[in-house]
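Colleague: Listed here are the chains, written in short residue letters.
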Amino acid sequence: MSSILSALHVAAGSLDAYDQALVVTQNNVANSSTPGYVEQTQTFYAMPFNVGEGFAGGVRTGEVVSARNQYAEQAVWQQNTLLGQSQQDVNSLTSLQTYFDISGNTGIPLALNNLFQSFSAWAHTPTDANARQTVLNQAQNVASAFQQTATGLASLTQSTEQQIQQTVTQVNQLVGQLQGYNTQILNGDRNDAGLEAQVYSTLEQLSQYVPISATQQADGSVSVLAAGQTPLLLGATQYQLSFQMQQPADAPASENTPPPLAHILSSVGSDITSNLTSGQLGSLLNLRNTVLPTYIGDANNQGELNTMAQQFADTVNGLLTSGNISDAVPGDADGNGGTPAVPGVPLFTYATNADGSVNATDVAQTLAVNPDIAPSQLAAIDPGPPEVSNGIALALANLADPTDPADEISGASYTQYYGSMASQVGSGLSTATNNQQVDQSALAQAQSLRQQQTGVSLDDEAVNVIEFQRAYEANSHLVSVLDQITLDTINMLTPST
Amino acid sequence: MAGVAERLASAQSAVEQSCHLLLTPNPECLDRSAGALSLAIGELAAGRDLLASSTSNPRALAQICEIRSKVRLASRLLENAAAYHSGWNRILGSMVAGYTPHGAAPVVRPGRLAVEG
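Just so you know, the protein sequences line up as chains V and B, in that order.
Sequential numbering of the first sequence, starting at 1, is according to our numbering.
Sequential numbering of the second sequence, starting at 1001, is according to our numbering.
By construction, these hints were calculated from the structure, which means they are not laboratory data.
These numbers were taken from a predicted model, which means no experiment stands behind them.
Careful: at least some of the hints might be erroneous.
[What the hints assert, rightly or not] Derived CB-CB ranges, DEER-like: (1) V/D314 x B/R1059: 45 to 51 Å; (2) B/A1009 x V/S242: 50 to 56 Å; (3) B/A1009 x V/H477: 20 to 26 Å; (4) V/S213 x B/A1062: 39 to 45 Å; (5) V/T431 x B/S1056: 24 to 30 Å; (6) B/R1032 x V/G176: 43 to 49 Å.
Beta carbons: idealized from backbone N, C-alpha and C, even for Gly.
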């Protein structure tokens, strides 16, 4: 009788165990599309079985084991960080490109081209009032084009700073959510698969903004570091990042107020900007601190747009002020009634400091036509010797295609210099677009690897790694042959210059 | 006999197929990827021989550049997957053989037992 009762007891225990396993399986199915969820497995253990001593055997449930593979998760985060960076690069450079028209149909290149044409027309008819007025009008267009580009870049700079602030806020919010999950885990919810799914889903979101590494502690909580060294979350303690704009420590003392640079500070005030080189935040910091200063300048650099604006204005002004508006009129035999030659006046102005020094990073934005100049005050006469009645106007027209290195900027004409600035942006955007496509594939691959690797047995894996090794060697050799053969063919088809 | 355009299109398709396979880098896909890459090499080599006689072919040049960008993608996917499995290999070593104070232990390869008699 007792053996029958034992058997019934064993059977009831086994039913309970399988009932629990069924619940785990149902939960797996229900959460198959839940972000961050991985399969949970109910483990079993056998009860002692020895009929002689009254142990009737049977099965009981053990722990529910998560199939999560931390290594595979980290690989996905790394690729997500790279994709976040390239996506942000594409967005930022697409905005930047709108200020640098390489076609020559708008903006600075069009205005410069029109001004050079007006100089040329003025050189043909140096006394013609209409030609002179056209020069002033086109000069005004050049100044406006520089101002608009500089204003646009300033606006992009400002919006980039806002995006950096929003990204830092987003990072802090996501880490705040993780802190909440950690608190729940530390309060006893450590085996909650749903909570674990939320933690890993949040970590994946976080990884697109900053490069992260996360480890699960013995108490079940997750520790998160940014860029491998700055703590964002340890246990139930969050370490917030902050953002501020400041001048670099090596900025020379000056009356100027160059644009400051963006800095990210850890919770203890350490500057961690240089560590954040990837992710969406890394991309924004690179745009704000490296790419934009190339054009608008910073404490140690005037910026190419300002350099171009200043050098162009100075060259035009230098030529005009070296010329004469009108010739000297000799006096009579007694030396009475003569008038001296009237020298030229500058065409362009830009902002200067109170001490007369140039505000180097403000030239493009303040470039304007001299408000005191009238068409009749444009100096066409080169006093020589020999004097040439349209010599200055001709010299100005020749700036379009300079032959004198003094009229060039960094060894190029003004149009070429602008073209080089614009092509830098275009080339950067093209690279970023390619990177984005590659990073999307790399992320898909990492997600696939995570899927493959979740919950596989170590024995299977030990066999697989040997197969992988052989397959990688074969593929790698073929890719390197293909790389070489495509390069050789490109070289063969590219006409030599 | 296939012309240059067909050869290049076939090579491009093979490299794209390899990229697609490398998105799921399991042993079977890697083997098929190697097959696709071998095919691409054959088509490109044949296409290049045909191109050698022509002086200029901008269309072929554009297509070769496109193929090259796909080869770069395949290379990146291969590097990533190889780095992933190499790291996983080290972890397995640690898990199978135990972590040592001097770093990850090498993977214990499955052994073989031969009985003769």
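Colleague: For each hint, tell me whether it holds in the structure or not.
Modeller: Verification of the hints:
The hinted window of 45 to 51 Å between V/D314 and B/R1059 holds, with their beta carbons roughly 48 Å apart. Taken as a hint, the range 50 to 56 Å holds for the pair B/A1009 and V/S242, whose Cβ atoms sit roughly 54 Å apart. Evaluation of the 20 to 26 Å hint for B/A1009 and V/H477 yields a pass: the beta carbon distance comes to about 24 Å. In this structure the hint that V/S213 and B/A1062 lie 39 to 45 Å apart at CB holds, the actual value being about 42 Å.
In this structure the supplied range 24 to 30 Å holds for V/T431 paired with B/S1056, their Cβ-Cβ distance being about 27 Å. For B/R1032 and V/G176, the Cβ-Cβ distance of about 46 Å falls inside the hinted range of 43 to 49 Å, so the restraint holds.
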